[in-house]
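K.L.:
Okay, here's what each chain looks like letter by letter:
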Amino acid sequence: MTAVTATRGTGRRSLPLPAGLRRCAVPLALLVLWQASVGLGWISTRSVPSPSQILSAFWELTVSGELAVHLLVSLARVSAGLAIGVSAGTVCALIAGLSRRGEDALDALLQMLRTLPHLALVPLFILWFGIGETPKIALVALGTAFPIYLNLFAGIRTVDAKVVEAVSTLGLTRWELIAQVILPGALPAFLTGLRYALGVAWLSLVVGEQINASSGIGYLAMTAREFLRTDVIIVALIVYAILGLLADLIVRVIERSTLVWRPAFIKE
Amino acid sequence: MSHALPRISTPSQSDTRPVVSVRGLVRNFGAVTVLDGLSLDLQPGSFTALLGRSGCGKSTLLRTLARLDPAPEGAVQLPDERAVVFQEPRLVPWMRVLRNVTLGLRHADAEARGLAALAEVGLSHRAHAWPLTLSGGEAQRAALARALVREPRLLLLDEPFAALDALTRLRMQALVETLWHAHAPAVLLVTHDVDEALLLADRAVMMANGRIAADIPIPLTRPRRHGDPGFIALRSRLLAELGVDEEHLAAREPQPVETRAAGANPAPGGFALPAGAAAAPSL
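Residue numbers (numbering that gives the first Met the number 0), protein chains in the order written: chain X, 0 to 267; chain E, 0 to 282.
Please note: incorrect hints may appear among the correct ones.
[To be verified] Partial chain E-side listing against chain X, Cβ under 7 Å, derived:
{"id": "1", "residue": "A65"}
{"id": "2", "residue": "R89"}
{"id": "3", "residue": "L131"}
If you are wondering where the hints come from, they were derived from the structure by calculation, not from laboratory data. The beta carbon of each residue, even a glycine, is placed where N, CA and C say it ideally should be.
So here's chain X without its partners, still in its complex pose (with noise of 0.2 Å):
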């Protein structure tokens, strides 16, 4: 892709920057406004700190193992969340999607369900869980385990007709069928659904972790208002947010090893 933006661009006029540098310009442009708006004082550093007192609070909470202790709390709850989430979502989505009958018992009940804001959960997750760490893992599976579900169960019933027909004829088993034909027509749509859950799941976790946390990359930020630390608050976030890039990264890498067969993917 840089190829062909760097071809462009000679093709105009040539700037002699490397085109990831260009694309990085007004971003860094706008730090450095940033930067010199505070220190020159037009900026008050109460509503925003300065892109260097950022820098050294975050110095400041990796040198003293803060960040990360409440980094691995936050990871551990969306971890428990989604593997809760995905596996729940994956098994309705296996059993609605591979029989009529399950279509039937589970399918109604779970699209009346989805269009419930499950955030909206969190005070009676509260009264039936407590404060402890189950009403934030609950709350992120329960908001993973829909987009996993809706995107598998679709994934399962798309998978191209004509291609299990002929496959049919061949003297597959039903588990055959289903193991070496369906799911894997339908991982596509299960990774589509997966994106979407990681960034379901990393909103819960913001909203969990700030209702009656005693840790976690949420409770960071919110014992961070208290002191009056915009430098730490702005960590926590562009923590959700490389955290939530990781992610989708780790989703990218399974579609390009997982999905080679598609032409998108195939280089000969």
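Fit chain E to the given chain X structure using the hints.
P.N.:
The following block gives chain E in isolation, referenced to the frame of chain X:
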């Protein structure tokens, strides 16, 4: 039933019982009767073309013989060794070509068999390719290999050449003829194309209104040529059976590629590209 003489021919050919036997087949889609008491026998190793207008029930018959449709009314006897090639290749896109070919095979040497089948259709070099990188003709040859590797006694071909370009179609037709000679399955070829039926089949079965309307032997010698008098005579007869006015047709439709080539060729006797010539395609 005592055979004093040793069997010389292959078992499938020495057995005179039909490999497919259909009696009184009835199939309804709601109020519409698609198959109306149809009966048909196919002999082992025979090549039968099934012709008919759209909606005459020929695809339904093929699907019944492929056991793709629920069991209908009537008696149907089929061999267990069946294979189908459809109009589209219908390969599984996330399995490499060889895996597609060997899918469902229980033999220990499935891979070797798959490679042999791919070699026969001239696709060895694409054994490890992804199906979506194949051309239309290559994909259809892979589908043919997938059918062939099962050593079918009944090979069902559902307009397998319809989606191919004219030149690829000629090569595929020749390939099918070669493979049929080599393996001698009973072939049932569903087609719209009278010329295709005359090039390949020994028998043309015409369907109309859910029944066999005509059963016409094609006793032409192989390789067959479009310009042969016998070919032309049978062509007229088949078209007449299909209710096509040939003169009207000639005025409206472009000639098939191979006949055009013959017209351009000054050689006496109308040197049309014979089926035999296409039987050695540069694969």
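K.L.:
Which numbered hints are broken by the structure, listed smallest first?
P.N.:
none
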